[in-house]
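2 protein chains.
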Amino acid sequence: MNKLLIVGSVAFDAIETPFGKTDKILGGAAPYIGLSASFFNLQSAIVSVVGDDFPQEYLDLLTARNIDISGLEVVKGGKTFFWSGLYHNDLNSRDTLATELNVLGDFQPRVPQNFKNADVVMLGNLHPLVQSSVLDQMESKPKLVVLDTMNFWMDCALPELLDVMKRIDVITINDEEARQLSGEYSLVKAAAKIHEMGPEYVVIKKGEHGALLFHKKEVFFAPALPLEEVFDPTGAGDTFAGGFAGFITQSENISFENMKNAVIYGSNLASFSVEKFGTERMVNLDKEEVVSRLQQFKSLTQFDIEL
Amino acid sequence: MNKLLIVGSVAFDAIETPFGKTDKILGGAAPYIGLSASFFNLQSAIVSVVGDDFPQEYLDLLTARNIDISGLEVVKGGKTFFWSGLYHNDLNSRDTLATELNVLGDFQPRVPQNFKNADVVMLGNLHPLVQSSVLDQMESKPKLVVLDTMNFWMDCALPELLDVMKRIDVITINDEEARQLSGEYSLVKAAAKIHEMGPEYVVIKKGEHGALLFHKKEVFFAPALPLEEVFDPTGAGDTFAGGFAGFITQSENISFENMKNAVIYGSNLASFSVEKFGTERMVNLDKEEVVSRLQQFKSLTQFDIEL
Numbered sequence: 001m002n003k004l005l006i007v008g009s010v011a012f013d014a015i016e017t018p019f020g021k022t023d024k025i026l027g028g029a030a031p032y033i034g035l036s037a038s039f040f041n042l043q044s045a046i047v048s049v050v051g052d053d054f055p056q057e058y059l060d061l062l063t064a065r066n067i068d069i070s071g072l073e074v075v076k077g078g079k080t081f082f083w084s085g086l087y088h089n090d091l092n093s094r095d096t097l098a099t100e101l102n103v104l105g106d107f108q109p110r111v112p113q114n115f116k117n118a119d120v121v122m123l124g125n126l127h128p129l130v131q132s133s134v135l136d137q138m139e140s141k142p143k144l145v146v147l148d149t150m151n152f153w154m155d156c157a158l159p160e161l162l163d164v165m166k167r168i169d170v171i172t173i174n175d176e177e178a179r180q181l182s183g184e185y186s187l188v189k190a191a192a193k194i195h196e197m198g199p200e201y202v203v204i205k206k207g208e209h210g211a212l213l214f215h216k217k218e219v220f221f222a223p224a225l226p227l228e229e230v231f232d233p234t235g236a237g238d239t240f241a242g243g244f245a246g247f248i249t250q251s252e253n254i255s256f257e258n259m260k261n262a263v264i265y266g267s268n269l270a271s272f273s274v275e276k277f278g279t280e281r282m283v284n285l286d287k288e289e290v291v292s293r294l295q296q297f298k299s300l301t302q303f304d305i306e307l
Numbered sequence: 001m002n003k004l005l006i007v008g009s010v011a012f013d014a015i016e017t018p019f020g021k022t023d024k025i026l027g028g029a030a031p032y033i034g035l036s037a038s039f040f041n042l043q044s045a046i047v048s049v050v051g052d053d054f055p056q057e058y059l060d061l062l063t064a065r066n067i068d069i070s071g072l073e074v075v076k077g078g079k080t081f082f083w084s085g086l087y088h089n090d091l092n093s094r095d096t097l098a099t100e101l102n103v104l105g106d107f108q109p110r111v112p113q114n115f116k117n118a119d120v121v122m123l124g125n126l127h128p129l130v131q132s133s134v135l136d137q138m139e140s141k142p143k144l145v146v147l148d149t150m151n152f153w154m155d156c157a158l159p160e161l162l163d164v165m166k167r168i169d170v171i172t173i174n175d176e177e178a179r180q181l182s183g184e185y186s187l188v189k190a191a192a193k194i195h196e197m198g199p200e201y202v203v204i205k206k207g208e209h210g211a212l213l214f215h216k217k218e219v220f221f222a223p224a225l226p227l228e229e230v231f232d233p234t235g236a237g238d239t240f241a242g243g244f245a246g247f248i249t250q251s252e253n254i255s256f257e258n259m260k261n262a263v264i265y266g267s268n269l270a271s272f273s274v275e276k277f278g279t280e281r282m283v284n285l286d287k288e289e290v291v292s293r294l295q296q297f298k299s300l301t302q303f304d305i306e307l
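Read top to bottom, the protein sequences are chains A and B.
Okay, so the first sequence: first residue is 1 according to UniProt numbering, each after it adds one.
Okay, so the second sequence: first residue is 1 according to UniProt numbering, each after it adds one.
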């Protein structure tokens with residue numbers, strides 16, 4: 001089985017949406033990525049850090065999905081990263097109510113020995129220096145390195161972000177972030193500029209409006225599935241990235257044609273993630289539901305004009 | 001050849017975008033619809049009204065496209081409808097600077113005798129009573145009636161709009177209008193409510209984010225083509241509607257599967273319309289360009305996951 005190495009935050013999230021609110025629940029990029037990738041035939045490991053306030057139950061949840069957590073450092077006496085957010089009525093915008101970095105503040109990632117030859121590396125949203133450090137530790141060149149980031153690092157650590165971007169193959173980023181990073185409003189132009197910064201493939205996530213995959217002059221579009229109700233968008237982007245990286249890891253095929261399938265899988269898995277609070281839906285999802293919804297994506301997008 | 005009857009405004013538009021501004025140029029729903037539909041094998045006619053300030057050059061432009069203008073009334077001493085708009089930097093929002101109804105204020109549509117048996121009727125954006133009057137004049141039941149409307153009529157003539165909606169098969173409407181008309185934020189729920197108001201098919205246009213076609217529990221999505229630059233969005237919705245109605249008229253097939261093709265054609269033609277000011281691009285467009293861009297829509301959306 002191929003190996004997928006995942007780095008990203010592990011967090012407590014407290015979420016409020018128009019539909020309700022949660023106490024501290026499992027959150028962070030790495031669990032969303034890991035759960036999403038667990039729907040593919042692969043070995044995965046998470047590199048991250050938590051405090052000793054992190055419940056065994058959540059660790060068990062990850063290992064039950066065959067996710068190696070030997071690279072998940074538990075800091076004695078430390079507190080787990082905490083994020084709290086309030087979504088507005090349209091769920092397209094949110095206020096961050098609290099960000100307590102805690103043990104994430106001086107995190108030094110350590111890649112488990114048996115994942116230093118991972119086939120695919122998924123660098124989830126974290127400080128670009130942490131993302132670089134993970135790449136430094138690899139003993140063989142991964143077939144594909146995927147990086148997710150956010151506007152926060154463009155504001156606070158742009159040189160470090162630009163450095164790590166030179167070492168990756170695929171970047172996943174949302175539309176506003178793509179515009180900020182490139183200084184271009186047109187996403188076609190933005191993708192071209194970001195391509196020049198390093199990554200050969202640029203994925204621009206547009207939330208409920210789908211995702212675009214750019215490669216040189218080629219472009220592919222995966223819609224978001226139109227849903228009756230989006231319950232909680234938290235983690236949708238990470239779930240998308242996990243589905244993308246997971247499918248590539250399983251299929252061992254990094255062609256543009258196969259990446260089209262990967263973004264469809266990413267969109268598919270993200271469409272489940274938003275149906276419940278936090279990771280709840282992903283934990284209770286089974287593979288048959290995933291396959292059945294792929295059929296919906298086909299009906300949604302495939303047409304038959306003869307040219 | 002099948003017949004397409006088009007009703008809609010014919011106007012002078014003065015447009016300002018971040019890329020420049022125009023004097024009074026040809027505008028209005030009917031010319032955009034007519035030009036777009038002229039790329040299909042059909043007979044079309046426009047029912048509308050202008051003043052005698054309307055230049056012969058514009059009339060010639062329509063007739064050169066085989067559009068019957070015997071139903072285009074010219075009011076002696078009257079002034080043509082005038083609209084002026086200013087687009088903001090993102091081109092997704094605009095201010096209306098002027099709306100002078102002029103001869104459109106008391107327009108009584110008259111359907112040419114040889115189009116009273118039209119196969120498809122495209123009711124472009126106008127007062128719902130004008131749209132109803134056109135349907136009243138039909139001597140045989142059209143195979144398909146498509147209606148486009150806007151928020152203005154929801155505010156000022158909702159009962160009349162709801163009346164005409166009971167007599168149509170397809171409504172095309174933008175996302176904000178769908179939310180206003182239905183009172184639902186979710187477009188899936190909005191489409192279901194609008195379906196209950198009459199039309200069996202609901203097309204929700206999302207501008208740069210594409211268009212959704214709903215039919216009972218089925219849904220199809222046509223993306224907008226990602227463009228380097230959108231120059232002028234004026235008329236994109238009408239061009240979409242013209243491509244949709246034109247393709248259906250030509251193909252004589254009103255199945256959901258064929259409507260998928262129709263929304264792709266609509267998106268395709270609209271992607272050209274926004275490349276230049278006003279109708280300029282549509283006037284200079286040739287069929288080979290349309291076919292070549294259809295191939296781009298295929299590359300953009302088609303994938304090959306085996307289930």
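Just so you know, not all the hints are guaranteed correct.
If chains are identical, the list can't say which one is meant, so a pair holds when it fits in one copy or spans any two.
Stated by the list, open to error - Taking lysine to any residue and the SDA-like style, the derived pairs with C-alpha atoms no more than 25 angstroms apart in a straight line are:
#  : residue 1 : residue 2
1  : K3        : H209
2  : K287      : L307
3  : K298      : R94
4  : K216      : E229
5  : K143      : F303
6  : K141      : V290
7  : K287      : Q302
8  : K206      : K298
9  : K287      : N151
10 : K298      : Q137
11 : K21       : L129
12 : K76       : E196
13 : K116      : K276
14 : K193      : N89
15 : K76       : G207
16 : K298      : F256
17 : K79       : P55
18 : K166      : D106
19 : K193      : V74
20 : K141      : S186
21 : K21       : K116
22 : K166      : V188
23 : K217      : F231
Hint data in this document are derived by calculation from the structure and do not stem from the laboratory.
Checked hints:
In the homo-oligomer, the alpha carbons of K3 and H209 never lie at most 25 angstroms apart, since the shortest distance is 31 angstroms inside one protomer and 36 angstroms across protomers. For a Cα distance limit of 25 angstroms, the shortest separation of K287 from L307 across copies, 12 angstroms, qualifies, whereas the shortest one inside one copy, 36 angstroms, does not. Neither within a single protomer nor between protomers do K298 and R94 lie at most 25 angstroms apart by alpha-carbon distance, with minima of 31 angstroms and 35 angstroms respectively. In this homomeric assembly, K216 and E229 come within 25 angstroms of each other (Cα to Cα) only across copies, at 17 angstroms, whereas the closest approach inside a single copy is 35 angstroms.
For the homomeric pair K143 and F303, the shortest alpha-carbon distance between copies (22 angstroms) is at most 25 angstroms, but the shortest distance inside one copy (33 angstroms) is not. Taking CA atoms no more than 25 angstroms apart as the test, K141 paired with V290 passes in neither setting, with 31 angstroms inside one copy and 44 angstroms between copies. In this homomeric assembly, K287 and Q302 come within 25 angstroms of each other (Cα to Cα) both inside a single copy, at 22 angstroms, and across copies, at 23 angstroms. Both within a single protomer and between protomers do K206 and K298 lie at most 25 angstroms apart by alpha-carbon distance, with minima of 19 angstroms and 20 angstroms respectively.
For the homomeric pair K287 and N151, neither the shortest alpha-carbon distance inside one copy (33 angstroms) nor that between copies (43 angstroms) is at most 25 angstroms. When the C-alpha separation of K298 and Q137 is checked against a cutoff of 25 angstroms, the pair qualifies neither within a copy, at 40 angstroms, nor between copies, at 41 angstroms. Neither within a single protomer nor between protomers do K21 and L129 lie at most 25 angstroms apart by alpha-carbon distance, with minima of 33 angstroms and 47 angstroms respectively. Within a single copy, K76 and E196 get their C-alpha atoms no closer than 43 angstroms, and across copies no closer than 60 angstroms, so neither meets the 25 angstroms cut-off.
In this assembly of identical chains, K116 and K276 lie within 25 angstroms of each other by CA distance neither inside one copy nor across copies; the values are 35 angstroms within and 53 angstroms between. Taking the closest pair of Cα atoms, K193 and N89 come within 25 angstroms of each other only across two copies (20 angstroms); inside a single copy the shortest separation is 34 angstroms, beyond that limit. Proximity of K76 and G207 under a CA criterion of 25 angstroms is satisfied in neither setting, with 37 angstroms inside one chain copy and 52 angstroms between copies. Proximity of K298 and F256 under a CA criterion of 25 angstroms is satisfied in both settings, with 18 angstroms inside one chain copy and 15 angstroms between copies.
Only within a single protomer do K79 and P55 lie at most 25 angstroms apart by alpha-carbon distance; the minimum there is 11 angstroms, versus 75 angstroms between protomers. Taking the closest pair of Cα atoms, K166 and D106 come within 25 angstroms of each other only inside a single copy of the chain (24 angstroms); across copies the shortest separation is 64 angstroms, beyond that limit. When the C-alpha separation of K193 and V74 is checked against a cutoff of 25 angstroms, the pair qualifies neither within a copy, at 39 angstroms, nor between copies, at 51 angstroms. Proximity of K141 and S186 under a CA criterion of 25 angstroms is satisfied in neither setting, with 34 angstroms inside one chain copy and 45 angstroms between copies.
For the homomeric pair K21 and K116, neither the shortest alpha-carbon distance inside one copy (39 angstroms) nor that between copies (58 angstroms) is at most 25 angstroms. For a Cα distance limit of 25 angstroms, the shortest separation of K166 from V188 inside one copy, 20 angstroms, qualifies, whereas the shortest one across copies, 41 angstroms, does not. In the homo-oligomer, the alpha carbons of K217 and F231 lie at most 25 angstroms apart only across protomers (20 angstroms), although the nearest pairing inside one protomer, at 36 angstroms, exceeds that limit.
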